[in-house]
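Asker: Required output: the full structure, derived from the provided sequences and hints.
Line order of the protein sequences matches chains A and B. Those letters in the first sequence? Residues 119 to 440, by my numbering. Those letters in the second sequence? Residues 119 to 440, by my numbering.
Warning: the hint list may mix true and false statements.
It does not matter which identical chain is used: a pair holds within one copy or between any two.
Listed below are the simulated DMTMM-like cross-link pairs for lysine to aspartate or glutamate, each with C-alpha atoms no more than 25 angstroms apart in a straight line [unchecked claim]:
#1 LYS301 - ASP386
#2 LYS301 - ASP379
#3 LYS301 - ASP184
#4 LYS301 - GLU210
#5 LYS301 - GLU376
#6 LYS301 - ASP364
#7 LYS138 - ASP199
#8 LYS138 - GLU331
#9 LYS138 - GLU188
#10 LYS138 - GLU307
Because the hints were derived from the structure by calculation, they are not lab data.
Protein chains: 2
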Amino acid sequence: MSTATAIAHPNIALVKYWGKRDSAINLPATGSLSMTLDIFPTTTTVSLDDSADHDVLVFNGAERTDGPAERVTRFLDIVRDLAGSALRARVETVNTVPSAAGLASSASGFAALAVAAASAYGLDLDAAALSRLARRGSGSASRSVIPGFAVWHAGDDDASSFAEPVDAPDLAMVVAMVEKGEKAVSSREAMRRTVLTSPFYPAWVSSTAESLEAAIEACRAGDIERLGRITEVNALRMHALIQSCDPPIRYLSPVSIEIFDRIAALRDTGVDAWATADAGPNVVVLTRPESVSAVTAALDGVNELAVAHPGPAASLLPRTDG
Amino acid sequence: MSTATAIAHPNIALVKYWGKRDSAINLPATGSLSMTLDIFPTTTTVSLDDSADHDVLVFNGAERTDGPAERVTRFLDIVRDLAGSALRARVETVNTVPSAAGLASSASGFAALAVAAASAYGLDLDAAALSRLARRGSGSASRSVIPGFAVWHAGDDDASSFAEPVDAPDLAMVVAMVEKGEKAVSSREAMRRTVLTSPFYPAWVSSTAESLEAAIEACRAGDIERLGRITEVNALRMHALIQSCDPPIRYLSPVSIEIFDRIAALRDTGVDAWATADAGPNVVVLTRPESVSAVTAALDGVNELAVAHPGPAASLLPRTDG
Numbered sequence: 119m120s121t122a123t124a125i126a127h128p129n130i131a132l133v134k135y136w137g138k139r140d141s142a143i144n145l146p147a148t149g150s151l152s153m154t155l156d157i158f159p160t161t162t163t164v165s166l167d168d169s170a171d172h173d174v175l176v177f178n179g180a181e182r183t184d185g186p187a188e189r190v191t192r193f194l195d196i197v198r199d200l201a202g203s204a205l206r207a208r209v210e211t212v213n214t215v216p217s218a219a220g221l222a223s224s225a226s227g228f229a230a231l232a233v234a235a236a237s238a239y240g241l242d243l244d245a246a247a248l249s250r251l252a253r254r255g256s257g258s259a260s261r262s263v264i265p266g267f268a269v270w271h272a273g274d275d276d277a278s279s280f281a282e283p284v285d286a287p288d289l290a291m292v293v294a295m296v297e298k299g300e301k302a303v304s305s306r307e308a309m310r311r312t313v314l315t316s317p318f319y320p321a322w323v324s325s326t327a328e329s330l331e332a333a334i335e336a337c338r339a340g341d342i343e344r345l346g347r348i349t350e351v352n353a354l355r356m357h358a359l360i361q362s363c364d365p366p367i368r369y370l371s372p373v374s375i376e377i378f379d380r381i382a383a384l385r386d387t388g389v390d391a392w393a394t395a396d397a398g399p400n401v402v403v404l405t406r407p408e409s410v411s412a413v414t415a416a417l418d419g420v421n422e423l424a425v426a427h428p429g430p431a432a433s434l435l436p437r438t439d440g
Numbered sequence: 119m120s121t122a123t124a125i126a127h128p129n130i131a132l133v134k135y136w137g138k139r140d141s142a143i144n145l146p147a148t149g150s151l152s153m154t155l156d157i158f159p160t161t162t163t164v165s166l167d168d169s170a171d172h173d174v175l176v177f178n179g180a181e182r183t184d185g186p187a188e189r190v191t192r193f194l195d196i197v198r199d200l201a202g203s204a205l206r207a208r209v210e211t212v213n214t215v216p217s218a219a220g221l222a223s224s225a226s227g228f229a230a231l232a233v234a235a236a237s238a239y240g241l242d243l244d245a246a247a248l249s250r251l252a253r254r255g256s257g258s259a260s261r262s263v264i265p266g267f268a269v270w271h272a273g274d275d276d277a278s279s280f281a282e283p284v285d286a287p288d289l290a291m292v293v294a295m296v297e298k299g300e301k302a303v304s305s306r307e308a309m310r311r312t313v314l315t316s317p318f319y320p321a322w323v324s325s326t327a328e329s330l331e332a333a334i335e336a337c338r339a340g341d342i343e344r345l346g347r348i349t350e351v352n353a354l355r356m357h358a359l360i361q362s363c364d365p366p367i368r369y370l371s372p373v374s375i376e377i378f379d380r381i382a383a384l385r386d387t388g389v390d391a392w393a394t395a396d397a398g399p400n401v402v403v404l405t406r407p408e409s410v411s412a413v414t415a416a417l418d419g420v421n422e423l424a425v426a427h428p429g430p431a432a433s434l435l436p437r438t439d440g
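Answerer: Set out below in structure tokens:
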């Protein structure tokens, strides 16, 4: 039986993905820019099973039959369609990033699943095709396929919406884990509510497209200060956008705000550090590698910290069995 | 020598004023809706002095010669122009609301100054004219002239931009004083930055105009729940708007967010309570008079609390001298 194991890492967006143009195939309203991390990997094994009549998902050691399992089956249906196969699969995934707490566990999850499933079903896909495939599982997974800094081009259709690498200066991130629990409103539901109820959504789309252009330019020019300023402004605009929904959604907790305050104060002392946050209370600080210790010192006492550098592409692990 | 003393109270907006259409005469981009409070009065005496060659401002017992004094003189110039007078004045003002901490001290200040100065300079102005005059000193002061609930019509020009009373159900407010210090960025500067740098500003203007219509309708219908929901959504949208500036401005502190969280939790238990905040960290909770104790209990330990009910119009105090 065909089997394959892949590893992928989460990514943190510097220019955010928020809002879909086509939710059936996860076409985003705007492009985005991210750094794939070298921590919190997800490892996923896909084993085809010619005797099975349904897929099986084992997540962190426990078999799931609820929403996540259905989402995996819908994703495998896309892979089967591409491969011309009807075989069901057993998916075993081990996720080391806290789930659903705004740290993009679905990004590493679907990136690893895309790479493992493509291999197990015998598809020969290049990086762009893997990125497109991962996107179908979870939009931001398109970026976790790519090493280091990635630009996800919004695209016009399935073929043109994928991530690719972009040159960037040497940077690090400090992840401040504020809460590890599941968030009250999922990103999926919050994105839907944003598009339906926020008066700010159209302006978010147009301004983020501009911010992305500027951020890519800053990346290529190695202009860390400009990239950092764009990152923090864009993150606060995304949270502003989400907060403008009706009913409002607020992902930043009192501790998150405290961290934004501390990073602003640290910046006032001359340290290059900018805060961002995905759809949850955790805050991630973008900084120079040599300033990591200044950032961790500034965040002293603020829960659990993790330091990340640009991570590798999602990739297959060598076969260890047989 | 002519002298007059007036008293006025701050007001808290349920639908916010944020952004000017014409800053020379404080024409707002949108109308707004507020409740004038019965606490934190400002008392101001204006005494004309035919021997003086400049105005004098005594603020809480101390003579000021800086920005506030210049602002008072610019305001008195408008009054002198209306009255055809060249006389300088001594202005003594006692303000019981913490200044510049987002509790609209300039609203009660310029409302009291408008009423006292109009009387001292012999102007006979009706409520709408007093509201227009107070607006010239500080936009939100136009509403503190009016008792209870007030709608400030945006208007097209100086003549049409004034506040007037609106019927409303029985409501109370609990003011949670988070910080009393001066804020880092003044409302004036923050409004300017919003108009220049926030991509969300045009949508704020159009959506707030819609929210105002809905809020006035809810007020007149006595629909407290609808009014409360509009109030909290509008407040969070204003803070979202401000946060979307470049560089960002964040007025809500960790404690402010904690209060919004507690009020949301209280609401989940069936208590009608909604949070709002002006341009600062203090949070004000709109509730039914019979729910004030439930709100103060929910805010136990959160700094200093004050309870307010709909307050009176700005008015002259009877002469006690001579």
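Asker: Indicate, hint by hint, whether the structure satisfies it.
Answerer: We went through each hint and held it up to the structure:
1. LYS301 - ASP386: So LYS301 and ASP386 pass the 25 angstroms test across copies only (17 angstroms; inside, 32 angstroms).
2. LYS301 - ASP379: both (23 angstroms within a copy, 14 angstroms between copies)
3. LYS301 - ASP184: within (18 angstroms within a copy, 49 angstroms between copies)
4. LYS301 - GLU210: within (24 angstroms within a copy, 53 angstroms between copies)
5. LYS301 - GLU376: both (19 angstroms within a copy, 16 angstroms between copies)
6. LYS301 - ASP364: within (18 angstroms within a copy, 28 angstroms between copies)
7. LYS138 - ASP199: within (23 angstroms within a copy, 57 angstroms between copies)
8. LYS138 - GLU331: within (19 angstroms within a copy, 31 angstroms between copies)
9. LYS138 - GLU188: within (21 angstroms within a copy, 51 angstroms between copies)
10. LYS138 - GLU307: Answer is within; shortest intra-copy Cα gap is 11 angstroms, inter-copy 35 angstroms.
Violated hints for the displayed structure: none, as all numbered hints are satisfied.
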